[in-house]
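Protein chains in written order, with our numbering: chain A, 126 to 428; chain B, 1092 to 1386.
Derived from the structure by calculation, the hints contain no laboratory data. Treat the hints with care, as some may be off.
One-sided and incomplete, this derived list gives chain B residues near chain A with beta-carbon spacing under 8 Å [unchecked claim]:
1) Leu1104
2) Ile1182
3) Thr1200
4) Ile1204
5) Ile1220
6) Asp1313
7) Phe1340
8) Phe1361
9) Ile1364
Output of the computed footprint for chain B on chain A, the stretches with three or more beta carbons under 8 Å from beta carbons of chain B [unchecked claim]:
10) 162–170
11) 173–180
12) 222–234
13) 276–286
14) 298–306
15) 349–363
Just the calculated beta-carbon pair ranges, DEER-fashion [unchecked claim]:
16) A:Asp329 to B:Ala1273: 28 to 34 Å
17) B:Val1101 to A:Thr222: 52 to 58 Å
18) B:Ala1273 to A:Ile408: 18 to 24 Å
19) A:Val254 to B:Pro1325: 20 to 26 Å
20) B:Gly1196 to A:Ser213: 38 to 44 Å
21) A:Pro371 to B:Leu1372: 34 to 40 Å
22) B:Ile1362 to A:Ser332: 44 to 50 Å
23) B:Ser1194 to A:Arg155: 53 to 59 Å
24) A:Gln317 to B:Ala1137: 49 to 55 Å
25) A:Ser332 to B:Ala1294: 24 to 30 Å
26) B:Gly1196 to A:Leu240: 28 to 34 Å
27) B:Arg1193 to A:Tyr263: 43 to 49 Å
28) A:Pro358 to B:Ala1273: 38 to 44 Å
29) B:Ala1294 to A:Ile408: 46 to 52 Å
Glycine is no exception: its CB is placed at the ideal position from the N, C-alpha and C atoms.
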Amino acid sequence: MTTTRDTTDSATSSPEPSAGQLVRERQSRRRQLRARIAVHGILVGYTLVALAPIAMIVMNSLKERAAIFDSPFAPPTPETFSGDGYESVFNRADFVTYFANSITVTVASVVLTVLFAAMAAFALTEYRVKIAPFLLAYLALGIMVPIRLGTVSILQLMNQLGLVNTRTALVLVYVAMGLPLAVVLLTQFFRQAPTELREAARVDGASEYRVFAILLPIVRPGLAAVAVASMLPIWNDLWFPLILAPSDATSTVTLAVQQFIGQFSADWNAVLATLTLGALPLILLYLVFARQFVRGLTAGVGK
Amino acid sequence: MRRGYRLPFVVFLAPALLVYTMFGIYPIVDSLRLSLYTGADDGGVAFVGLANFVYLLTDQFAAPRFWNAFVNNVQFFAIHLIVQNPIGLLIAGLLTSGFLRRSEGWYRTLIFIPTTLSVVVVGFIWQLILSPLWGFVETPLLGLESTALPTLSLMSVWQYVGIPMLFLYAVLVNIPRELDEAARIDGASGWQTFWRVKFPLLAPMFGIISVITYIANFNAFDLIYSVQGPFAGPNFSTDIFGTLFYRTFLGAQTATGSVTLGAAVASLMFIIILIGVALYLLLVHRRLRTYDLSS
Chain A
126 MTTTRDTTDS ATSSPEPSAG QLVRERQSRR RQLRARIAVH GILVGYTLVA
176 LAPIAMIVMN SLKERAAIFD SPFAPPTPET FSGDGYESVF NRADFVTYFA
226 NSITVTVASV VLTVLFAAMA AFALTEYRVK IAPFLLAYLA LGIMVPIRLG
276 TVSILQLMNQ LGLVNTRTAL VLVYVAMGLP LAVVLLTQFF RQAPTELREA
326 ARVDGASEYR VFAILLPIVR PGLAAVAVAS MLPIWNDLWF PLILAPSDAT
376 STVTLAVQQF IGQFSADWNA VLATLTLGAL PLILLYLVFA RQFVRGLTAG
426 VGK
Chain B
1092 MRRGYRLPFV VFLAPALLVY TMFGIYPIVD SLRLSLYTGA DDGGVAFVGL
1142 ANFVYLLTDQ FAAPRFWNAF VNNVQFFAIH LIVQNPIGLL IAGLLTSGFL
1192 RRSEGWYRTL IFIPTTLSVV VVGFIWQLIL SPLWGFVETP LLGLESTALP
1242 TLSLMSVWQY VGIPMLFLYA VLVNIPRELD EAARIDGASG WQTFWRVKFP
1292 LLAPMFGIIS VITYIANFNA FDLIYSVQGP FAGPNFSTDI FGTLFYRTFL
1342 GAQTATGSVT LGAAVASLMF IIILIGVALY LLLVHRRLRT YDLSS
């Protein structure tokens, strides 16, 4: 915090302040300062609670075994530095494949979710059809009812389709899982889009598909928000990879972390390295998209 | 609708409806159906009515497991509600207290980081930190029947406190400044303004947060499975519906799984979640017309 001056200054604008006023002003300013310090104190404290555990894992993943136990709070120094954990993780497990799987599944699911949801939201807001509200309500059901509850039948279905242990199976389920919220949020954005543009396009003889394409850039903030908000639950999911695609070739990072940590139980360096590999990429991604992410999560609720 | 729009309407809706129906709604409906059957010797299934439910709720071996998971799940949810809402409210209130300038965005972003992590990673991070090997905590909190579930619940709260914080924050930043100033001019302190003016406006959001937490908690699985394994030890003291469903459906070690019994557990979870959502809609949501998304 750099400054303690505040808007309270404007409260004492009379040209010749009396002594009593000066004292009151000083008291109020002191009270302001105290409140400010308290606010920062609590927030810094909670930020530490939120971040210290993660920082500890990342720091210690780069230290040698003895230093992990002797001084867990110390960052790695040239004397205590060690990359052993990462070495054994990469020797035992193919983390490059797992990252590729997670990226493929997440990107494909998010792209399809956003595309299908945008198309549906456009149709539901653009055409005055009697069944539109019912279709929207039907699509919104999935917000209240977790698709996980259908896992028994999803597994049977994937068996029949020959999709067990494929990334396609995961993508299909994640699209079904992400659509409800995405459609509901995007209908809000499409409703707010100006109508003149599409009418002008129609007068010019544009097809309905062209009108949709013209509107997409206008709802881009909504698309970005939905994309970023639907990304994390997919990347972080353990349930469906564990049940639908547990094979080594299709394993995602989250599943790999779960399965490999058990095998490394005595090897703390490897455990810490695995955890760091599981956590850091997501944190970096989140920091890049933090703005859209916050907007995606709060879209619709703040109004 | 003009005739020329009929085909585009169908084309635009088809992909979403198809994928959502086939891999979202149909499996849930089919699970409800399967819960009324039992696996037959010839590999097919035979209709048994409500026998699976009777078994799960009254059998001398199965029923204690079910009710244990139920009680644990209620406890898991209660700890979330009691702990995460005050913390979320405190942070959101401080972020919008007017004492912060540029640092507001930083605090908000940093405090939300745990929420972005995989539950698996969170589980292991805390398992390491609480490990007696590391020695910060003398008591094996995750190894005792009395402390394991509260500890896991608090780990989950630590991760998800960002959600109530962010949702409450979204309401608070949208409260018009004039309202705040009017209260100040009338002589209200910052503290009074918060509780008398802002807090009542937050009430609907607590309803939304509670129902989201309820749905998430009653189909939670990842954290318990990662930290305590499929048997949700010690001695099932951390068993919740998610882990019970997993074991019943897929089996674990010597116990064989059952498709139809698994479907029955999922159906009971479905009913429990539905009851919670219905109560919310009837008791809370109906009074809050401004938050009706479907209007």
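Hints, verified against the model:
| no. | hint | verdict |
| --- | --- | --- |
| 1 | Leu1104 | 5 Å, holds |
| 2 | Ile1182 | 6 Å, holds |
| 3 | Thr1200 | 5 Å, holds |
| 4 | Ile1204 | 6 Å, holds |
| 5 | Ile1220 | 6 Å, holds |
| 6 | Asp1313 | 4 Å, holds |
| 7 | Phe1340 | 6 Å, holds |
| 8 | Phe1361 | 5 Å, holds |
| 9 | Ile1364 | 7 Å, holds |
| 10 | 162–170 | holds (count 4) |
| 11 | 173–180 | holds (count 5) |
| 12 | 222–234 | violated (count 0) |
| 13 | 276–286 | holds (count 6) |
| 14 | 298–306 | holds (count 6) |
| 15 | 349–363 | holds (count 5) |
| 16 | A:Asp329 to B:Ala1273: 28 to 34 Å | 50 Å, violated |
| 17 | B:Val1101 to A:Thr222: 52 to 58 Å | 40 Å, violated |
| 18 | B:Ala1273 to A:Ile408: 18 to 24 Å | 41 Å, violated |
| 19 | A:Val254 to B:Pro1325: 20 to 26 Å | 57 Å, violated |
| 20 | B:Gly1196 to A:Ser213: 38 to 44 Å | 39 Å, holds |
| 21 | A:Pro371 to B:Leu1372: 34 to 40 Å | 37 Å, holds |
| 22 | B:Ile1362 to A:Ser332: 44 to 50 Å | 46 Å, holds |
| 23 | B:Ser1194 to A:Arg155: 53 to 59 Å | 21 Å, violated |
| 24 | A:Gln317 to B:Ala1137: 49 to 55 Å | 54 Å, holds |
| 25 | A:Ser332 to B:Ala1294: 24 to 30 Å | 47 Å, violated |
| 26 | B:Gly1196 to A:Leu240: 28 to 34 Å | 31 Å, holds |
| 27 | B:Arg1193 to A:Tyr263: 43 to 49 Å | 45 Å, holds |
| 28 | A:Pro358 to B:Ala1273: 38 to 44 Å | 41 Å, holds |
| 29 | B:Ala1294 to A:Ile408: 46 to 52 Å | 33 Å, violated |
Going down the numbered hints, you'll see the structure goes against 12, 16, 17, 18, 19, 23, 25 and 29, while the others check out.
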